[in-house]
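K.L.:
Each chain, letter by letter, is given below.
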Amino acid sequence: MLPHDGLLQLTPEGLYCPAAAAWIDPWRPVPRALITHAHADHARAGCGEYWATAVSEGILRQRLGATINLVPVDYGALHRIGEARVSFHSAGHVLGSAQIRLEAAGESWLVSGDYKRDADPSCAPFEPVTADVFITEATFGLPIYRWSPGAVVARQIQQWWQGAPERASILFCYAFGKAQRVLAELAALGIDDEILLHGAVETLMQPYREAGVPLPPTQPLSALERRDDLAGRLVIAPPSAHRSVWMKRFKEPQTAFVSGWMAVRGARRRRGYERGFVLSDHADWNGLLASVKDSGARQVYVTHGSSDVLARYLREVEGINAEPLAGPFSADEDAAHGA
Amino acid sequence: MQRFAELIERLEHSRGNNSRVQALVDYFEQTPGATAAWALQVLLGGARRRLITGRRLRQICLEAMPLPEWLFDDCYAQVGDSAETIALLWHQHVDADWGPNADQPLQVWMEELLPAAAALSDDAQAEAVRRLWHGLSPQQLLVANKLLTGGLRVGVAQGLVVKALSRFSGLDEALLQHRLMGGFAPSAAALAALLAPSDGDDTGEVPSRPYPFFLASPLQELLPGDAGDWQAEWKWDGIRGQLIRRSGQGFLWSRGEELLHEAFPELISAAAALPDGTVIDGEVIVWTADADRPAPFNVLQRRLGRKKPGSKLLAECPAAFVAYDLLELGGEDWRPRPLHQRRTALESLIQQLPETADAPGAGRLRLSERLTLDTWEQLEPLRQQARNAGAEGLMLKALDSPYLNGRKRGHWWKHKLDPHTLDAVLLYAQAGSGRRANLFTDYTFGLWNGNGVLVSFAKAYSGLDDGEITALDRWIRAHTTERFGPVRAVEPLQVFELAFEGIQRSTRHKSGIAVRFPRISRWRRDKPAGEADTLATALALLEQAP
Chain L
580 MLPHDGLLQL TPEGLYCPAA AAWIDPWRPV PRALITHAHA DHARAGCGEY WATAVSEGIL
640 RQRLGATINL VPVDYGALHR IGEARVSFHS AGHVLGSAQI RLEAAGESWL VSGDYKRDAD
700 PSCAPFEPVT ADVFITEATF GLPIYRWSPG AVVARQIQQW WQGAPERASI LFCYAFGKAQ
760 RVLAELAALG IDDEILLHGA VETLMQPYRE AGVPLPPTQP LSALERRDDL AGRLVIAPPS
820 AHRSVWMKRF KEPQTAFVSG WMAVRGARRR RGYERGFVLS DHADWNGLLA SVKDSGARQV
880 YVTHGSSDVL ARYLREVEGI NAEPLAGPFS ADEDAAHGA
Chain B
8 MQRFAELIER LEHSRGNNSR VQALVDYFEQ TPGATAAWAL QVLLGGARRR LITGRRLRQI
68 CLEAMPLPEW LFDDCYAQVG DSAETIALLW HQHVDADWGP NADQPLQVWM EELLPAAAAL
128 SDDAQAEAVR RLWHGLSPQQ LLVANKLLTG GLRVGVAQGL VVKALSRFSG LDEALLQHRL
188 MGGFAPSAAA LAALLAPSDG DDTGEVPSRP YPFFLASPLQ ELLPGDAGDW QAEWKWDGIR
248 GQLIRRSGQG FLWSRGEELL HEAFPELISA AAALPDGTVI DGEVIVWTAD ADRPAPFNVL
308 QRRLGRKKPG SKLLAECPAA FVAYDLLELG GEDWRPRPLH QRRTALESLI QQLPETADAP
368 GAGRLRLSER LTLDTWEQLE PLRQQARNAG AEGLMLKALD SPYLNGRKRG HWWKHKLDPH
428 TLDAVLLYAQ AGSGRRANLF TDYTFGLWNG NGVLVSFAKA YSGLDDGEIT ALDRWIRAHT
488 TERFGPVRAV EPLQVFELAF EGIQRSTRHK SGIAVRFPRI SRWRRDKPAG EADTLATALA
548 LLEQAP
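As you go down the protein sequences, you meet chains L and B in turn.
Residue 873 in my numbering sits at position 294 of the first sequence, and the numbers go up by one each step.
Residue 544 in my numbering sits at position 537 of the second sequence, and the numbers go up by one each step.
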């Protein structure tokens, strides 16, 4: 539970800052929303006024409507909203993602949104920020999760794909964020083969290209003739297309899923993919601990996933005041977006 | 070890039997005999000895890591496998450099490194295990841990391994199956013998070696031809076995290829009455000399629970071998001959046995009765008599059928009695392991007792499809009333039809009864919990039981 007199409070609409008269990533329509990033479980339609990073504006308008009332902000710029001073800081999660820092009456709070600390060629790097109180996500809040660098995973993906020249390789990635990160990582390896995209991924390519992210050449799968040979081609599709009629287009493809959850064998077998590549846009265990320490916060609240585990560890082992924050923060990353 | 771990990974990653067989063939082609022999042993499930417990490995892992025990438990709950949990945590703790142990072949791991670590104790053992772990990738560490705990299950059926060996060696699959019966010793010499060219007749080469069992398939539709072309027998509810008399010795094998000598000394004595060079397929069952039908399975279980039965148990629960088929006679492999020939020879063989009561094992070898089945109309009434005869159903075997390997459809059919069913209420749930980790898939069910209280009587794990499992998992999370460690009590609202084979008294459950092979046959979403079955209904089934 958040303190009654704290800078942020939990209302049925979500995290609320009375000083700014604003909600952060509200679950329902509110007059003023501060948006950490454009994933569907953080940015919802119907709010009166949106504050979000300028980099995420294109995607937000695409998803929430071109005519939303949106105030674009730059990373690090300080804004006065009501009685509060508010700044957005890069979260390294996806293009335009931010942590939001609020300060009023001599107290500062930091809301992490979703974040990761690993290098990602498709978005700005995570920025450590200090605050008195830190609200952090803990999607992967267990020490079994430790990520390898994206370049290493991209190399594995390349070997998997190019090792099967006689089959089409379908790589399932969340359409916004993960798909573009994988493409950017492949480009960083020097790959310039044309990669085919499912429509849901294609839609998000333009904002990334406009942001200047180096990407390999891509082509929507729908632009190909039905009889075109797909052997040896890499196709990127969202998980919702797995085992759907869309798959009928392929003759005996090999399939793989790119997600942090793939670190555990049972999770991979349950989903029925041949291969799992472990790549996440969330912080791993060490990343979560480092961010809590970097924040210098005297009080930590933990949301999402293994929130009670991380909070207990912080309390009992690290000696940091921490507690889980209950609420309809999406716990199921699969349903929502890129893990 | 590195290459074996790669093989395991490749097998996990490949879809379809062909690519799995290919992975195995590639491995055998590139691997020297002694190492390949150990790999084969592991693949066949023959390296299941537990050298160190999972609990001890967990302790060894935690001692070297600044993690509290509860956090390990939380990780385990997510992973559902302690060897894998340790592999992931160790990788977190230590940066894996390529260590020297990863390069050691599987043979060295199995013959030296792992037994050496197992032979130590306390701190010395912990240190040795951690030295083994050092420099292994998470996948290699997982395989090493599984080999230490004897829990490595590769998920490749023996048939596929044999297919790969056949493709690799050019030998017939049936020959390889036969040569593998009775166990395989992991040595280069044994592998060479397994893959040696055949002169066509391996019969009796190794006196103890059983033949691969021929298995029946469930009958689903009316069979072709006349009922008279088929041999009908009871399907006995014991354990399938093979009784061998060769080189003046007797051997009794279970279908699981375990030797049952010590557990069933009276059957080994009985085998002494058989002429040398005889192999009989049949059922091990408890059957007292003067009874008209065998004792139920739970009586046999008392025998199976003992490695070496005492004289009291031997007297109370005497075993019999009910002969189904003759596989070898006079040292000749009879399996290719038609069933009617084998049956005639089996009948005369059993009838010639000494009947005197003082003969060792007298009456312990019985012939499986051939039932009258002249027309298909008689089939169903016959099946309905199975329970009275103390059997679990009928067997139908084509009279002209050879004795084949494994489960080949067409010749042998089993036609079991319909199971009993009860509608029961879900009371508790627990998460599964492996691919069911994190999903509530282990369920406990209850029936209403006379006081309107639900009492537990069965646990069931199977019968729901993936969609139902997911839906029920969600329901359980939302309707948990209490938690006892990993077990959740749920609101008693969901009714399931449970099917099971038999029922007996037991102190395992609150209800005082236990059922055999319980599984979920239907989710009765239509049925309110108040209309679920009562303990009285279950007890009435108990009365009917033979």
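No lab work stands behind these hints, which were simulated from the structure alone.
Cβ coordinates follow ideal geometry from the N, Cα and C atoms, glycine included.
Each hint should be verified, as a subset may be incorrect.
Said to hold, decoys possible - Using C-beta positions, here's what the derived DEER-type ranges look like:
1. B:Arg-490 <-> L:Gly-851: 25 to 35 Å
2. L:Val-824 <-> B:Ser-528: 27 to 37 Å
3. L:Ala-743 <-> B:Ser-469: 51 to 61 Å
4. L:Ser-819 <-> B:Arg-160: 30 to 40 Å
5. B:Arg-481 <-> L:Gly-898: 30 to 40 Å
6. B:Ser-469 <-> L:Met-826: 49 to 59 Å
7. L:Gly-811 <-> B:Glu-339: 50 to 60 Å
K.L.:
Flag every earlier hint the structure violates by its number, smallest first.
P.N.:
Violated hints: 3 and 6; rest satisfied.
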